[in-house]
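Spelled out, the chains give:
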Amino acid sequence: MTVMVAGRAVRRGISAGRVGAVVNRNVGALRSGPAYWLVLLSGFFEPLLYLLSIGVGVGALVGMVPVGGRMVDYAVFVAPAMLAVSAMSGALAETTFNVFWKFKYAKTYDAVLATPVRPVEIALGELTWALVRCLFYTVMFLVVMVVLGLTSAGGALAAFPATALVGVAFGATGMAISTFLRGWQDFDLLTTGQFTLFLFSGTFSPVQDYPVVFEVIVTLTPLYHAVELVRGLAVGPLGWTLLVHAAYLVVMAVCGLWVASRRIEKLLLV
Amino acid sequence: MAEEPLIYARGLVKRFGEFTAVDGIDVAVERGEAFGFLGPNGAGKSSTMRMISCVSAPTAGELRILGMDPVRDGVAIRGRLGVCPQLDNLDADLSVFENLTTYARYFGLSRAEARRRAGELLEFVQLADRSAGKVEPLSGGMKRRLTIARAMVNDPEIMLLDEPTTGLDPQARHLLWERLYQLKQRGVTLVLTTHYMDEAEQLCDRLVVMDGGRIVAEGSPRELISRYSTPEVVELRFADGVDVAAKLDGVGERVDPLPDRLLVYARDGDAAVAEVHRRGLAPSSVLVRRSTLEDVFLHLTGRTLVE
Amino acid sequence: MASTAVMSTVAVLERHLTLYRRLFWASALSSFVLPVLFLVSIGLGVGGYVGDLDGVSYLQWIVPGVMASTAFQMALGETTFPVLGDFKWTRGYHAMRATPVRIGDMIAGQVLFLMVRVLPQTVVFLLVVLLFGGLRSWWSVVTPLVCAAVVVASALPVMGYAARIDNDGYFALLFRFVMIPMTLFAGVFFPVAQMPVAAQVVAWVSPLWHGVELCRAATLGVAPPWPIWAHVLCLLAWSAGGAWFAMRGFARRLAV
Numbered sequence: 035m036t037v038m039v040a041g042r043a044v045r046r047g048i049s050a051g052r053v054g055a056v057v058n059r060n061v062g063a064l065r066s067g068p069a070y071w072l073v074l075l076s077g078f079f080e081p082l083l084y085l086l087s088i089g090v091g092v093g094a095l096v097g098m099v100p101v102g103g104r105m106v107d108y109a110v111f112v113a114p115a116m117l118a119v120s121a122m123s124g125a126l127a128e129t130t131f132n133v134f135w136k137f138k139y140a141k142t143y144d145a146v147l148a149t150p151v152r153p154v155e156i157a158l159g160e161l162t163w164a165l166v167r168c169l170f171y172t173v174m175f176l177v178v179m180v181v182l183g184l185t186s187a188g189g190a191l192a193a194f195p196a197t198a199l200v201g202v203a204f205g206a207t208g209m210a211i212s213t214f215l216r217g218w219q220d221f222d223l224l225t226t227g228q229f230t231l232f233l234f235s236g237t238f239s240p241v242q243d244y245p246v247v248f249e250v251i252v253t254l255t256p257l258y259h260a261v262e263l264v265r266g267l268a269v270g271p272l273g274w275t276l277l278v279h280a281a282y283l284v285v286m287a288v289c290g291l292w293v294a295s296r297r298i299e300k301l302l303l304v
Numbered sequence: 013m014a015e016e017p018l019i020y021a022r023g024l025v026k027r028f029g030e031f032t033a034v035d036g037i038d039v040a041v042e043r044g045e046a047f048g049f050l051g052p053n054g055a056g057k058s059s060t061m062r063m064i065s066c067v068s069a070p071t072a073g074e075l076r077i078l079g080m081d082p083v084r085d086g087v088a089i090r091g092r093l094g095v096c097p098q099l100d101n102l103d104a105d106l107s108v109f110e111n112l113t114t115y116a117r118y119f120g121l122s123r124a125e126a127r128r129r130a131g132e133l134l135e136f137v138q139l140a141d142r143s144a145g146k147v148e149p150l151s152g153g154m155k156r157r158l159t160i161a162r163a164m165v166n167d168p169e170i171m172l173l174d175e176p177t178t179g180l181d182p183q184a185r186h187l188l189w190e191r192l193y194q195l196k197q198r199g200v201t202l203v204l205t206t207h208y209m210d211e212a213e214q215l216c217d218r219l220v221v222m223d224g225g226r227i228v229a230e231g232s233p234r235e236l237i238s239r240y241s242t243p244e245v246v247e248l249r250f251a252d253g254v255d256v257a258a259k260l261d262g263v264g265e266r267v268d269p270l271p272d273r274l275l276v277y278a279r280d281g282d283a284a285v286a287e288v289h290r291r292g293l294a295p296s297s298v299l300v301r302r303s304t305l306e307d308v309f310l311h312l313t314g315r316t317l318v319e
Numbered sequence: 180m181a182s183t184a185v186m187s188t189v190a191v192l193e194r195h196l197t198l199y200r201r202l203f204w205a206s207a208l209s210s211f212v213l214p215v216l217f218l219v220s221i222g223l224g225v226g227g228y229v230g231d232l233d234g235v236s237y238l239q240w241i242v243p244g245v246m247a248s249t250a251f252q253m254a255l256g257e258t259t260f261p262v263l264g265d266f267k268w269t270r271g272y273h274a275m276r277a278t279p280v281r282i283g284d285m286i287a288g289q290v291l292f293l294m295v296r297v298l299p300q301t302v303v304f305l306l307v308v309l310l311f312g313g314l315r316s317w318w319s320v321v322t323p324l325v326c327a328a329v330v331v332a333s334a335l336p337v338m339g340y341a342a343r344i345d346n347d348g349y350f351a352l353l354f355r356f357v358m359i360p361m362t363l364f365a366g367v368f369f370p371v372a373q374m375p376v377a378a379q380v381v382a383w384v385s386p387l388w389h390g391v392e393l394c395r396a397a398t399l400g401v402a403p404p405w406p407i408w409a410h411v412l413c414l415l416a417w418s419a420g421g422a423w424f425a426m427r428g429f430a431r432r433l434a435v
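Residue numbers (the working numbering), protein chains in the order written: chain A, 35 to 304; chain B, 13 to 319; chain C, 180 to 435.
One should not assume that every hint holds.
As the list claims (entries may be wrong) - Part of the chain C face toward chain A, derived, beta carbon under 7 Å: (1) A205; (2) I359; (3) P360; (4) F368.
Claimed, not checked - Straight-line distance between alpha carbons at most 25 Å, and here's what the computed DSS-like set of lysine-lysine pairs gives: (5) A:K136 <-> B:K146; (6) A:K138 <-> B:K146; (7) A:K136 <-> A:K300; (8) A:K300 <-> A:K138.
These aren't lab readings, by the way, just hints derived from the structure by calculation.
Cβ atoms here follow ideal geometry from the backbone N, Cα and C, with glycine treated the same way.
Generate coordinates for the entire structure from the input sequences, incorporating the hints supplied.
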């Protein structure tokens, strides 16, 4: 949820029209400004605040919820979901927003492709940086979860590689999507989609509570699998179904990467 | 009784903290004139323009615009000014036409009147075919013309133009000058800043040369040239670094050595060239030209104007 | 003189409306659809586990909170990047400054535009939650006004902030350290009384909390935690202080 509410406001502002050179300066300023590191760091507080508000605050009203047949504190239920969302948002922010910017305005890739670097390598390079940022957030979040007693140290260690997989899957898909975006106004759609996933992926209440049709739809969407995988590893129960969730994310990562490099090639080598 | 000048400044000062941008200038601009502030960057032209356009209060001195006090009557004065700023501030997300109608509403024009004016003005600046289009794809010259059209939307008595053609290509500049000349013909008072000599000579009836926040000369372009220069100037270049300046003593009325060339100010350029050759000097290049404001500025400040 | 001010303010409003017309569909999602989705996920989904709160269902309890916080977020979204942009990138305020439009008119026109945004947004939300059975009192009809007050009380200080910064990175700090904490801890999702006293004091200071409580009192038909005049006074104080802060910020930035 690194973006979510704030992201909406940010994107609203940007789509409110600073195109071209303006956006160029806009993003450039964001990246080089005095506040950049503070901003990067503050990205960590956001999921923490959500955890405190929804997990602890609303959790006090909720009491216990069922996870895999046993009852746990609501905060225990919500925390892994926030972790998965945090991995998703971190990766998406880096790959959609920044890749789009480099594509459209900075023309970074034109210069890179004049060298022996291949499109798929560009895609992998971007993905690596996105993953670094994503893991930076998830590690800190896992530490907080352990400190607050929302998972065990073992659970945290098990969940950590899962967040990396979530980051790669969403990062690759985000990159593929960013090659289709027409302008900043499309970011509104993207953010809306992201926010909808955030709300309905078994994040705040178990998907079994949703109406059946709704539940089936949700099980097809990516964040659901990310949440289930991370929650299974951090809180339990462990089971073969976790492999299904992981496989979904692997397929998503491979497809995303394939589409992204094909598109980059097509857009740049014409 | 003569009409009060449209713009009248006496001992006008603008300070920003310790820095004095405008250091006690006297200016009077009459109705129907085209008046120029000429000078290099940092001479205080833009600060003066901002005071005249009533967005920046003078630190000291007297300033009256259209017979009113710019601090107290800013709103009333601005309603009768047209301002074309140095940096374009068009609304990139509005269409060309909407840029004009939106701006017209700031002056209290009715919606119908705003639309009518916008249509007329787009014809005037030759942008009628771009009316429904966005601002973003317009060229620099088109944007500047649109900004000028926008500044005219309230049918201003005084048009303030800050560096109107900076950054434009020669063709765009000439088109713009032609439009501004037409404006002047309609009786609009033009006040402009520029650091281009040719622009000042083309457009201004009268101008002041500013340097370091002060006015160093005032007059019409021809007056300034005849007062501070000679009708013709000979530019001489010599192949080697030999100091020929001493050998030119007495040629023309004055000799100005520059790093890359020598300027000989003369009433008759050809005669001066003949004299140079008679003295046995062999310049690698010779150019005889009419004197310009550039020479005036060089003479007044010892520096060239365009860096 | 007064009529000039009205004319100028309306002209500024029209400019924002002209700009907004192009962005309406993009913003319709976040204005009208997302709040409802939010309500479904948290209100219905989580609400199923909460049971009753203050004698009403959890859905009914958070309806006013979501309503006020949506207005609050819209206000911040519209007064951060757009305001900085009009100083820095499009220089729209500089363009206005060269006309009879005064600084007060610029700010008033923009706030008026926010009213045009918040009122339909809140009314549509009210109609939707009415279908969900989220309202319990006829007093609900005053909530659009309360949301408008929240918008004024939060937009004006933020305009002042936007007028004073030069790097938009500072907005991320505003969002993360002010907007999100306020949205999460100002009684939108759970009663502030649950929090430690120090955190409660912070909530009491925020304009959003007063808006949330007034909206909640209206939709549930109960008395707010403080006397109504006290809540209103806090919102007025933010508005007045914000107006002063914004006027000063704009004047300074446009004077140079």
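Hints, one by one, checked against the model:
1. With a cut of 7 Å, the hint placing A205 of chain C at the interface with chain A holds, because the nearest CB-to-CB distance is about 4 Å.
2. With its C-beta approaching chain A no nearer than about 6 Å, I359 of chain C sits inside the 7 Å limit, and its interface hint holds.
3. Taken as an interface hint, P360 of chain C checks out: its beta carbon lies about 6 Å from the nearest beta carbon of chain A, inside 7 Å.
4. Given the 7 Å rule on beta carbons, the hint for F368 of chain C holds: about 5 Å separates it from the nearest Cβ of chain A.
5. For a cut-off of 25 Å, the pair hint linking K136 of chain A to K146 of chain B stands: about 24 Å separates their Cα positions.
6. Between K138 of chain A and K146 of chain B the alpha-carbon distance is near 19 Å, which keeps this suggested pair within the 25 Å criterion.
7. Annotation: proposed proximity of K136 of chain A to K300 of chain A holds, straight-line Cα distance about 16 Å (limit 25 Å).
8. Among the hinted pairs, K300 of chain A with K138 of chain A is consistent with the structure: their alpha-carbon atoms are about 14 Å apart, no more than 25 Å.
No hint from the list above goes unmet by this structure.
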